[in-house]
Amino acid sequence: MNKKTGWTGITIGIVALGALLVLGACSKKEEAPASNSMAEQPAMSAPAATPIDPATVATINGTVKFDGPAPKASKIDMSQDPGCKGSNEAENVVVNGGDLANVFVYVKDGLGNRTFDVPKDPVVLEQQGCKYHPHVLGVMAGQTVQIKNSDPTTHNIHPTPQNNREWNESQPPSSPAIEKNFAREEIMLPVKCNQHPWMKMYINVVKTPFYAVTDKDGKYEIKGLPPGDYTIAFVQEKLGEQDQKVTVAAKDTKTVDQSFKPAAE
Amino acid sequence: MTALFSQPSPRGITLKAIRATYNRGHHRLAVVLACWTFLLIIAGALVTSNDAGLSVPDWPTSFGSWYKIPKLVGGVKFEHTHRMIAQGAGLLTVILAVWTWRVEKRRWLRVLAYAAVGTVIAQGILGGITVLFYLPPAVSSAHAALAQTFFCIAVAIALFTGKRWIEEQPRVEFDQRRPSLFTLTMLSIFVLYVQLVLGAMFRHHGLSWWPHVANAVVVSFVLAWTAVRALTVYSHIEAVRRPAIAMLSLVIAQLCLGFTAFLTRVAWGRNAVQPELPMVMATVAHVAVGALLLATAVILAIQVWRHVPVAFEERVPQAQGDASTA
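So the protein sequences, as listed, match chains A and B. Residue numbering for the first sequence follows our numbering, beginning at 145 and increasing consecutively. Residue numbering for the second sequence follows our numbering, beginning at 7 and increasing consecutively.
Here chain B stands alone, though its shape is the one from the complex (with noise of 0.2 Å):
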């Protein structure tokens, strides 16, 4: 299937026409990857949270070999298996990014694609520093937070090679209002953001816990607002709708999975002699909504930049509906 987009712009320019091109194989790798990306953060938190982080004491290779797999007993259990997923990561990675370069016509889904790449190289990179340089907290919370942002360009990816994306003609409604939807999405992001890295500081002992805490009612209200301005003004934009939904879900989810992760680490925790069952499932539950409420809200502001654009004076729309973008 073929979607051709070649519009006059509000401005009157024309667009150059983009041909996008549905492909299930590449698409259905490319929600493969964003899978196991979600999977390989949940492994990554494993590591911290059962603190196995410097149970293979070497890196790139395991015990000094690059192949072998050792006894996975105790904390090797945990970092070897991180680092199994991560290869498969990134061997994903890689073909996706030339299945991309081979079929997408899209140039900047091809850049993005090659972007992955980079992405999981310095994401791979980081992760054997923060081994050799045992665990310094600013490289494990950079190592942390670069692979939120892969993720949320795994799923990125997904989204845009998905048949929806590319056969929808989307509805488009201008935003009038101040700020608009989009600025609140984008605004969202930033605070998540924000979060994800001290949330991870902290897990990486690197700053306490209150920062997190702290900022953590910034992000309720900030995403509360996004969600709710999204659900009264646009919920029958289904993109838009969904992805909303989902995002205020997730919200209250995660600050329940906060709570119980505070009680077992930090306020019970604080002495126990070694990682106990609940706070490990509690800490790891958190970081994974955690990944999947930042990857949701880059779905809800890409969708919003699709359906919702925002309004300039010189961009007053003349006849909603029909424009689209890719």
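So here's chain A without its partners, still in its complex pose (with noise of 0.2 Å):
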């Protein structure tokens, strides 16, 4: 073999493995759409949902207060995408009034080896004006998460799960909803667009139902307990987690208030 000949198959050997790389990777791509509308598959197979006697379900209800001065909220600049409008601004700690809003609640520990089926209707999340809402989300694992696009511009969705599959996918204006759900339990999932690079979102994943967000006034509302002891979690994005022990007896409504601490700089 020459030393030109050589050469000339190093080049084709270099561009062959390119393509072939090329081509594994874009039958890799083909499958993403496949599971575009398809349920993720759960790590086990559920089981029957374990009975709870309606007559006899407690609630958990209380506010979440912010223990210090109210963070100014930063401006957010979208000015690089005319079809971003309106006013945004960063929802990383929201309080209104000492209460604070975004936090997830949801019951850590207490209820055993007990299932529960899992709700058929779909929980939204919505991007508008180049937000996301509700920028803090709960959903049971394996429910459906309908996505939808209500901008003039298209917004890719895109899941960092530390546990779950990751996937990243764009969704034009006025282009279906894109339904999803999340296998395994995971808190604070983020959620971002890399086409605006201010949205993010976080959903979180639990088993059972057991979970809420605080609203605007920082309340929340977790009904339809068995009695019995528990680990209630109050998770929050920067502030991190706090948990409280509660113990809930038959038809008890029981008031757990939790505050956060502003985070160290």
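Honestly, I wouldn't trust all of these hints.
So the derived label-pair ranges between C-beta atoms look like this [stated by the list, open to error]: (1) V104(B) x G273(A): 43 to 53 Å; (2) Y199(B) x E365(A): 54 to 64 Å; (3) Q306(A) x F196(B): 29 to 39 Å; (4) A407(A) x L269(B): 13 to 23 Å.
Stretch by stretch, here's where chain B covers chain A in the computed footprint (C-beta under 8 Å, at least three residues) [to be verified]: (5) 214-221; (6) 298-304; (7) 311-323; (8) 327-341.
Note that these hints are calculated values from the structure, not bench results. Idealized CB from N, CA, C, for every residue including glycine.
Dock the two chains into a complex; use the hints.
See below:
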């Protein structure tokens, strides 16, 4: 083999290797749309739900406070996309008169091996004004999340989970809703849009229906709990997690308040 | 113009004559490729600094199309522009390789041009893999490091095809010092490359900032040592003096930019809700000057290898000043 032929061979080899990798990558990409509207397979097949006597169920409610001066929300500059209308502010710590919004509250412990039916109705995540609505979302493992784009611009939805499958899909204006689910429990699973780097939200995937997100007044309510001893977790994206132990008797309504201190700089 | 290189080597072996011909068009294309690659590095840095790496979720197509230009808004503006400039770089590289194959008599330079094609293909594939696998730090860092490797190859080809390189009869002075200047230039390239990888790992969330900052001290020391040696001993050789001065100036500029990037990105911008203009400008300039610095170190090493070869015991020069290499 002469030297010129040798180098030609090497070049052809590199191009062929590149083509193989490209084809491999393409075939991987083609798999993605197939899973677009399909449920992600749960880690295990779910057993039948453990029955709860509706006559004995209890309620936990309360208010989450912010113990400190309310941080000033950063203004977001959306000028890089004319399709992003209106004004926008960061939602990482939202405080209204000392009440803390967007705290995910859930029963972290105490339900033992109980299982629960996954709701058939989807939870909706909307993109409007280049902002996610809601900013913090709770969903049961396996439940459908319906993602809508109401903006006149393209978004991409990109969850970056630790325990679930990562995906990244674009959604042009007026396109059908994207339906997804998450198979495994994961708290504060970040979701972002790479087209609009300020767009961030969190999905909380839990195995039980006993969760809530605090509203703008810091209030939450968890209904339908069987009597028992529980650990209630309060999770805020920047301020972290705080837990409280609580015991509820049959038909009890218990108020469990919580407060967060400002994060250390 | 033609230069003939046929010299007895210091060991007494007659070197094979290599006839190199200056081709203005070929050299200009090599210069255009080097400049285009620099532009591509800036475009790539803009993608990372604006957190736009996955704004086009597919590859090798963009939003399912091979040729349609999407609406260039938001992150797509950075990511798709980067892809288009990269396609241009690939095309220029292939044209340059074909032209080199047609006109270049130096076999090693033809090999370098083919290597450039291989590197640009590998770089494109790495860019695609990093998109398809959601920016794994190792792959994104390799993409960043290979970008600057390719830039150095393009700059080297531009240097080797230049009129001065081909027609100049190099003035050779054997280097008896230890470590030799050539060793220092190679050490400079090594520490710069390590710095490039550490910086890329930090930028792509694979490593903390402190290894990059700590290595900056090592880089500054090695580069200053190299430049000072070149300027104090060989400043009369223009081909050595110029890149040495450039390297020293760039390392000072790079330290200032690194400090600014640290302030805007790490110290002040830690909780920023979106990439802000000062942090984007500082980090992009830091990447761009880093690329220039690495390329300058490569040029210096090449010129030192040519003009100030290392003298070994069995290679003590009998008569300095007229030996040449190409």
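Checked hints:
no. : hint                          : in the structure
1   : V104(B) x G273(A): 43 to 53 Å : 51 Å, holds
2   : Y199(B) x E365(A): 54 to 64 Å : 58 Å, holds
3   : Q306(A) x F196(B): 29 to 39 Å : 36 Å, holds
4   : A407(A) x L269(B): 13 to 23 Å : 21 Å, holds
5   : 214-221                       : holds (count 3)
6   : 298-304                       : holds (count 4)
7   : 311-323                       : holds (count 3)
8   : 327-341                       : holds (count 4)
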